[in-house]
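Let the hints inform the model, and build the full structure from the sequences given.
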Amino acid sequence: MNLIKLSFSTLALSTLLFASNYKIDSTTSKAEFSIKYLKNEEIKGNFKTVKGDFNFDEKKYILNSLNGEVEVDSLTTSKNDLATYILSEKIFNEKKYPKIKFVATKIEQDRIFGDLTIRNVTKNVELDLENSGEFFGKIYLKISGKIKRSYFDLTWDELLETGSSSVDNDIFIEIDIEAKKEEKLNFTKVIEKSKK
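In our numbering, the protein residues as written are 47 to 242.
Hint data in this document are derived by calculation from the structure and do not stem from the laboratory.
Only a predicted model underlies this, so the values are computations on that prediction, with no experimental measurement involved.
Fair warning: there could be bad hints in the mix.
[As the list claims (entries may be wrong)] List time: in silico SDA-like cross-link candidates among lysine to any residue, alpha-carbon distance up to 20 Å: (1) K90 / K194; (2) K94 / E117; (3) K125 / A65; (4) K90 / Y131; (5) K82 / T122; (6) K136 / K194.
Written out as structure tokens, the structure is:
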């Protein structure tokens, strides 16, 4: 029994030693989406402010956890006149729901599962994960895939003459993440300060 406890303790310690927390760089990361409009046109959007953090095992080069969010009002679109409409209460309602959030619940080598919250509606989604690893002290990740706008009450009521919606139900998303390692707490300095 003691041997089993020791093995688990050793495993937990090794995970802590080789895993580090990283903070997403909001100045270089981006979250993009595209959606079909009027059957053959495409609307593209880009959320410029992406925030969050994750835990990354630097020895195994695997992602252990991820929490992220985008600020809805940082949206720009390929059709500028649509940005205001998309941000309005008819679609994103950014004043009432200023953030879109994602919390990973399961991570595989090339897939990531997580709770995505849009307009206060949370759904578990499955997305592709591309882990480029570390380069010049930063970690680079790409998350991409498809979600259904109807799952998140993202209604768009314009109809075609046929009676079908002018906007497709599928939203394609691509999130490029660049992150820096968070500085580890220096316990020696903390103890020294507490003594003063």
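Structure-based check of each hint:
1. K90 / K194: It holds: about 16 Å lies between the C-alpha atoms, which stays within 20 Å.
2. K94 / E117: 8 Å, holds
3. K125 / A65: 42 Å, violated
4. K90 / Y131: 14 Å, holds
5. K82 / T122: Measuring from Cα to Cα gives roughly 17 Å; hence the hint holds.
6. K136 / K194: Answer holds: K136 to K194 is near 17 Å, not above 20 Å.
The structure shown violates just one earlier hint, number 3.
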